[in-house]
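> As they're listed, the protein sequences go chains A and B. For this note's numbering, add 490 to where a residue sits in the first sequence, where the first one is 1. For this note's numbering, add 57 to where a residue sits in the second sequence, where the first one is 1.
Simulated from the structure, these hints should not be mistaken for laboratory data. Just so it is clear, the structure is predicted and the values come from calculations on it, not from any experiment. There could be a bad hint or two in this list.
Claimed, not checked - Cross-link-like lysine-lysine pairs, in silico, DSS-like; alpha carbons within 30 Å at most: (1) A/Lys940 with B/Lys484; (2) B/Lys353 with A/Lys492; (3) B/Lys484 with A/Lys798; (4) A/Lys798 with A/Lys499; (5) A/Lys586 with B/Lys484; (6) A/Lys798 with A/Lys884; (7) A/Lys586 with B/Lys459.
What the hints assert, rightly or not - Just some of the chain A residues that point at chain B, by a computed CB distance under 8 Å: (8) Tyr554; (9) Leu591; (10) Phe819; (11) Lys860; (12) Val862; (13) Pro866; (14) Pro943; (15) Ala947; (16) Ala963.
To be verified - Just the calculated beta-carbon pair ranges, DEER-fashion: (17) B/Ile487 with A/Leu540: 30 to 38 Å; (18) A/Lys798 with B/Tyr415: 37 to 45 Å; (19) B/Glu354 with A/Glu498: 14 to 22 Å; (20) A/Arg544 with B/Gly133: 20 to 28 Å; (21) B/Lys336 with A/His728: 44 to 52 Å.
Where is the CB? At the ideal position from N, CA and C, for every residue including glycine.
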Amino acid sequence: MKMQTIFEKSVPGRRTTGLAPEPAQHRASDLVPGELTRSEAVRLPECSELDVVRHFTQLAKLNYSVDANFYPLGSCTMKYNPKVTEVVAAMPGFNKVHPLLARIGNGQGCQGSMHCLYVLERSLCAITGMEAFTLQPMAGANGEFTGVSIIAAYHRAKGRDRRIMLIPDAAHGTNPASAAMAGFTVVELPSRDGMVDPEAVKAAMEKYGENIAGLMMTCPNTLGLMEVHLREVAALLHSIDALVYYDGANMNAILGKMRVGDVGFDVVHLNLHKTFATPHGGGGPGAGPVGVCERLIPFLPSPRITRKADGSYEFLPDNPESIGHVGPFYGSFGVLLKALAYILRLGGEGLERVAEYAVLNANYLRAKLKDVLDEPYDRICMHEFVASAPAGLKALDIAKGLLELGFHAPTMYFPLLVHECLMPEPTETESMQTLDAFSDAVHAIVARAKEDPDYLAEAPRGLPVSRLDETEAARKMHLTEDM
Amino acid sequence: MPYIPHTQAERDHMLATVGVQSLDDLFADITADMRPQSFLASRGLPEQEVIALCEELANRNQSVLSFLGAGYYDHGIPAAVDALAGQSAFLTAYTPYQAECSQGTLQAIFEFQTAVARLMELDCANASLYDCGTALFEASTMCVRAARKRKIVLDEGVNPVWRNMLHTYAANLPMEFVLVPHRDGRPDKEALIAAIDKDTAGVVVQNPNFFGVVCDYADVFAAAKKVKAFSVVAVNPVLQAVLKTPGAMGADIAVAEGQSLGLPLNFGGPYLGLMACTKALIRQMPGRLVGRTHDKEGRTGYVLTLQAREQHIRRAKATSNICSNQNACALRSLIYLSLMGPQGLRDVAENSMEMAHYAARTLTAGIEGTQLLNEAPFGNEVALSLPVSADLVVQRCLAKHKVVPGYPVGRTYAGLDKVLLVACTEKNTIGQVGILLDAMQDVIADILQEEALHG
Ligand SMILES: Cc1ncc(COP(=O)(O)O)c(C=O)c1O
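Next comes chain A alone, as it looks inside the complex (with noise of 0.2 Å):
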């Protein structure tokens, strides 16, 4: 049966009353000229509350989730999510709190959100090596043009103009893109044996010298791969000063057993919605703090947050170096107080636990598809590993081939540099039981289509759709219900 859109069920008239207010005494047109009012109503959906329950219940039926099952999604953290911190984040006390109570008399108004922002910035600060945090960009990628936006305002404070950001070539996409927001021209860097090549980086600064900014580096890297050469490269890019970047999208693998600041990296940037368990909410919201170094502090964005010495809190006022506002105020704080309760139910040491965990998970999983997979970086990985589709077989199909059996499929085609690849990331929160489920259905899909080449083409079958036809979509660009 066709699942109706919430318009096509939408019955003229029909409401749940009480929802809304009873309708006003005035009408918008007796307080404001009519002239500035709207002609027609606003075509939403006349539901009756259930009709609406309904919908949306039937939606969630349609998807997969990582509360139902295992969802490998490489780059991603699919770790479970506990329900506890979703308590905390629906605490009135809480969400009530309209930011800008913040900017009354000396914040006394919300004392308990400032002292969460303090506490969740220098845990960050404790498990990160930086000096300091901003909370305030709203995702990985905000982070990132939040922290080359520093790059860019450290070295204009010197006088200089530097324009050129290096960027290794298995990056994720949004480094380049972040780095062209911020002004700066992406030179690529290739990689060699997976690994940022200190001999491409001295090449790169043989041509392009002191035009050099900075370089943005994933650790571990999008293979997978822990970086081997972090302090060497580090050194060559300080050598001219320019600054180094950390992607920390990958934190989860080196919690408690590598501090990006005591190796020498300069702004890092977290995904709180990957390492620190705050859903991934179907695609955002997320949160992507920021941590400097200690010369970058100033260019942090404003307000930042300090203790005073009676133990209450504060924002500062603007400082002129900084680089602005990235977010409306302090960050997403619904997102942030789900991080916090996580570190706080972990401590130091869970978190360390969970770096352990989640490399075991990936490399027993490496381990146990060895045999149909291509590895092409045959060593022990981090809390992922790319893996490239056995001749004669598509990533692709492999993916839908998952799918059909009741898995989320790995990352797909990405990195590009690695051939019809595949990309698993299991988390710490898998148990052995459901790695070796996964093993089986990697294995049966394999040898099934190696019987019958055409079996994997018309997988998914028996999920909600078949495989949807993205010509279609892209040529008859049916955006809304009205195109």
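We have chain A already, so just place chain B with the ligand on it with the hints.
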């Protein structure tokens, strides 16, 4: 350890399968000299202790009667919004890359795009942006790219929070802003039109503006069109139920802060950037778009589409760097709009406006020396000129009466130290406005008396 299911026997079996002795062997690439000297010192807490600790912190926030708005409003949220948007099948999924198992999220985004486009009376909308400030920036870059010019005419009545963000985001880009000052909180439309010239890529205004003033910008947008510039308007999405639409005014792009549509204030987020535009600008849009299509059996389905605009394909040349957006917030707003329907949203808007008008009458009549900042029409928020510093009034009202009368405009607009911005929603009552009046009368009398004493 919490949330790690492995038994010791399983761990040992897994280590053996991998071919290493210990967990730490897995981290051999991180050499001893790179290991941390210290780490987060705090110990993990049992679940109930986390809850108790956080409850204690939540209670440290004061419960106040607040008339703060300034772009972010305390509207009512139906119970069904939390119940439905909180379903873990929505919450614990991610970006719907695998369309066949993500039709719930995808169809919801399609419906969201429809609702936003209809609210604005524009052709299409995207799947959400972080907030209104980033949406305004993205809209400005769309103008610059599409017009191949770099000047943006920016009205001073656009929320200063969002204007600050515009400057941060555009700091390193070939883009310049020409600020057109307001006149007593009203937009200066002649000056806006005069500022538009052949170098203009776009004009950016807000309706109602920061001071709550409602206006028709059709003539400004027509002037922009004449020089092949694009028009951007930021609107209040709730009032959009009753106010003239961006489409009807001839805007090319509309943005809004979607917080009012079923999202709690939450001390600054997560919020929701709405963006709609004309068909001509679709390929300049930032962020995700969902399109309707069919599967092999002819069944209707939804997919992410027109992805050639996005960072994972275009990298440095993408229309934006945005990847994760505000999907769960967009879902909340869609559920909110579905529950309200056209009549409910209108009732929310009109009650909010009516209460703001009542508050304006009550405060100007009841406090000597208090008047409207201007005579312009306003929506659910109004700028009042007080006899004393608005900042002081607000501070004192909070300290003495646990009432926050509004936002002291002088914080962001020089020379308007006595101006107070008062916002109302449908949740406010006549009784609450009475409490507000009493509190303000009391502290203003105190302040005047002190001023008289100290000359
Ligand atoms: C390595 C890497 N960097 C950056 C990002 C961007 O994060 P977000 O989607 O939160 O903007 C991602 C996530 O997709 C990522 O995997």
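> Compare the structure with the hints numbered earlier in the document and write down the numbers of the violated ones, lowest to highest.
Violated hints (numbers, rising): 1, 3, 4, 6, 11, 12, 13, 14 and 15; every other hint is consistent with the structure.
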